[in-house]
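With these hints in hand, go ahead and build the complete structure from the sequences.
Heads up: the protein sequence lines correspond to chains S and U, in order.
Under the working numbering, the very last position in the first sequence is 759; numbers go up by exactly one each time.
Under the working numbering, the very last position in the second sequence is 120; numbers go up by exactly one each time.
Keep in mind the hints are simulated off the structure, nothing from the lab.
Glycine included, each C-beta is placed from N, C-alpha and C at the ideal position.
Each hint should be verified, as a subset may be incorrect.
Said to hold, decoys possible - Computed far set for chain U versus chain S, every beta-carbon distance over 12 angstroms:
#1 Asp23
#2 Ala25
#3 Ser34
What the hints assert, rightly or not - Stretches of chain U that chain S covers, calculated by requiring three or more beta carbons in the stretch to come under 8 angstroms of a beta carbon on chain S:
#4 50-58
#5 93-102
#6 108-118
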Amino acid sequence: DAGVTQSPTHLIKTRGQQVTLRCSPKSGHDTVSWYQQALGQGPQFIFQYYEEEERQRGNFPDRFSGHQFPNYSSELNVNALLLGDSALYLCASSLILGNEQFFGPGTRLTVL
Amino acid sequence: GENVEQHPSTLSVQEGDSAVIKCTYSDSASNYFPWYKQELGKGPQLIIDIRSNVGEKKDQRIAVTLNKTAKHFSLHITETQPEDSAVYFCAAPQWGAAGNKLTFGGGTRVLVKP
Numbered sequence: 648d649a650g651v652t653q654s655p656t657h658l659i660k661t662r663g664q665q666v667t668l669r670c671s672p673k674s675g676h677d678t679v680s681w682y683q684q685a686l687g688q689g690p691q692f693i694f695q696y697y698e699e700e701e702r703q704r705g706n707f708p709d710r711f712s713g714h715q716f717p718n719y720s721s722e723l724n725v726n727a728l729l730l731g732d733s734a735l736y737l738c739a740s741s742l743i744l745g746n747e748q749f750f751g752p753g754t755r756l757t758v759l
Numbered sequence: 007g008e009n010v011e012q013h014p015s016t017l018s019v020q021e022g023d024s025a026v027i028k029c030t031y032s033d034s035a036s037n038y039f040p041w042y043k044q045e046l047g048k049g050p051q052l053i054i055d056i057r058s059n060v061g062e063k064k065d066q067r068i069a070v071t072l073n074k075t076a077k078h079f080s081l082h083i084t085e086t087q088p089e090d091s092a093v094y095f096c097a098a099p100q101w102g103a104a105g106n107k108l109t110f111g112g113g114t115r116v117l118v119k120p
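This is the structure we're talking about:
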């Protein structure tokens, strides 16, 4: 079992650009959650996907959007990038009725 | 919503000593409390968790205690080793219409000195 995988590992963009990050959950998991982790802080919940629909959303603007595919993998899209979007973006996989969330290694996004 | 506070923010201990990290939460409906370890350049790794029907749980050198009345839970690491050096996060869930989202504490940077 490869665990939760994310791509790319690092990404550099400029203000105003758009970015897409990808996540594959652990085998057998059906739910993907995305978190943003600024330097020196704990992860902040962005949104959660189950059955290809957004089920819960944190306090993030609609510049942040996502998608879940039939194979349970997921994408996070961020439009009109701001300098403040620079962070580590983490994907966590789980079962919809389960408690445990397992995190991937993250994608480090730098916005210049 | 849920609010999780974590103390201390940094902790330096001598190898072999114990380390204790404490967290408080606000939502009395929370019933599951995980702890994550994050090493430099990596994602958070789930190291231990506890459910609300249990007061204490141990796994080798780590243990977690829960006081639901006071709404606080703690991580205890005994016989610390240099590889325990990392940032540790506590978290509490908030269940929505489907699934749960985690609210994290601010993290504790633990340094184990040889």
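Non-interface claim for serine 34 of chain U, where every Cβ of chain S lies beyond 12 angstroms
holds, 17 angstroms
Counting residues of the segment 50-58 of chain U with a beta carbon closer than 8 angstroms to any beta carbon of chain S, are there 3 or more?
n = 5 at 8 angstroms, threshold three: holds.
Cβ separation check - alanine 25 of chain U to all of chain S, threshold 12 angstroms:
Correct as stated: the minimum Cβ-Cβ distance to chain S is 18 angstroms, above 12 angstroms.
Minimum Cβ-Cβ distance from aspartate 23 of chain U to chain S exceeds 12 angstroms:
holds, 25 angstroms
Between the segment 108-118 of chain U and chain S, are there enough contacts, at least three residues with CB-CB distance under 8 angstroms, for the coverage claim to hold?
holds (count 6)
Three-residue Cβ test at 8 angstroms for the coverage of the segment 93-102 of chain U by chain S
holds (count 4)
Consistency note: the structure conflicts with none of the earlier hints.
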